[in-house]
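Chemist: Sequence:
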Amino acid sequence: MKIKSILLAAASVAALASSAIAEGHGKLKVGMITTLSGGGAGLGIDVRDGFMLAIKESGNDNVEVVIEDDQQKPDIAVQLADKMIQSEKVDVMTGIIWSNLAMAVVPSAVAQGKFYLSPNAGPSALAGKACNPNYFNVAWQNDNLHEAAGAYATESGLNNSFIMAPNYPAGQDALNGYKRFYKGELAGEVFTKLGQTDYAAEIAQIRASGADSVYFFLPGGMGISFMKQYAGSGVDIPLIGPAFSFDQGILQAVGDAALGVKNTSQWGKDLDNETNVAFVKTFQAEYGRLPSLYASQGFDTANLLLSAMGKADVKDADAFRAALKEADFKSTRGNFSFGNNHHPIQDIYVREVIKEGDVFTNKIIGTALEDHADAFATECDM
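Going by mature numbering (1 follows the signal peptide of the UniProt record, and there is no 0), the letters in the sequence shown line up with residues -22 to -1, 1 to 360, in that order.
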């Protein structure tokens, strides 16, 4: 506990300094709706823990966070959003992991004058024609990591990919993103059921396809199930994926089957900047596990919010919006800025799954796309 306290104190100096300013602008209430139960719980738990670590480090007593479990169900998410807006009177909302839930909640929330800071879901509609001045995505637009994978596959000389994702907005964005930067042919393109756990039929298709590579996006428990079944199938076609299918919370469950697989991410625990080094240490000290991509996004989302509080009162919507747009915070990713549609402009890396002692993790081996913005910004009229 003493070591943990020292680490937290060391990492908190800058945040505490900004907190003193933030507290001068009054209290702010945050409504966090995220997935805390079921197959996708690990993602929501990591977003929550990263977010709350940043709030704790800031020492800012003027932030109240109300947290609810959406159970990965759009109707539950809508009910919780209505409760938070009407009864809890939150100022800012955040937390949603899944794009179908985001599409059910975000348009209504921002239409009612609430700010929404997305720590994960980035559906294309909200980046383009349905962009909104009160909506900020602190993670990525859904296509981005898949675009980077397509670029990596092309650069690696792969020219006959079999691609697969669940049939929901993020899955559709995933395969569109991959195809946008991939220049080869497709051996097959399959949309699976969201939440599916048996992939025998899809693996049979892959086996017979003649593919030289498989690109798949299956987040959470879906990816664990697929990887285990794929490893046991004897199919030896190389796999590529986004970080969502090879992130920290998934790798321990997948095990040796993931070793050597390349995946794309805007973050890695080995990014060598001061904020990220401190974040990895303090997260591990606080929660007893390595942080994931989702934890880093939750942490950055909270620090963006705190930076805006340091400059403006949330009751002054125009000033608060301008403060969010500045993105004047130290990101775990290093350089970070918003495009005209309030989505990130950032580098996206290629990572390889490795083993450090008994722990499966990722190491960055290259950069797939530099200062990358999303393809839908031109459709946003802000």
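Honestly, the hints are just simulated from the structure, not real lab data.
Some clues are possibly wrong.
Here are the simulated EDC-like pairs of lysine to aspartate or glutamate, each with C-alpha atoms no more than 20 angstroms apart in a straight line [to be verified]:
(1) K303 <-> D349
(2) K341 <-> D359
(3) K7 <-> D296
(4) K34 <-> E264
(5) K206 <-> D336
(6) K67 <-> E304
(7) K7 <-> E264
(8) K7 <-> D53
Chemist: All the hints need checking, so say for each whether the structure fits it.
Modeler: Going through the hints against the structure:
1. A distance of roughly 17 angstroms separates the Cα atoms of K303 and D349; the hinted pair therefore holds under the 20 angstroms criterion.
2. Taking the CA atoms of K341 and D359, the gap is near 38 angstroms; set against the 20 angstroms cutoff, the hint is violated.
3. Of the supplied pair hints, the one linking K7 and D296 holds, its CA atoms being roughly 18 angstroms apart against a limit of 20 angstroms.
4. With a CA separation close to 11 angstroms, the supplied pair K34 and E264 stays within the 20 angstroms bound.
5. With a CA separation close to 18 angstroms, the supplied pair K206 and D336 stays within the 20 angstroms bound.
6. Restraint check for K67 and E304: the C-alpha separation of about 26 angstroms exceeds 20 angstroms, so the hint is violated.
7. Of the pairs offered as hints, the one joining K7 and E264 is violated, with about 24 angstroms between alpha carbons and a cut-off of 20 angstroms exceeded.
8. Proximity of K7 to D53 is assessed by CA-CA distance (about 23 angstroms); at most 20 angstroms being required, the pair is judged violated.
Comparing the model with each earlier hint shows violations of hints 2, 6, 7, 8; every other hint is respected.
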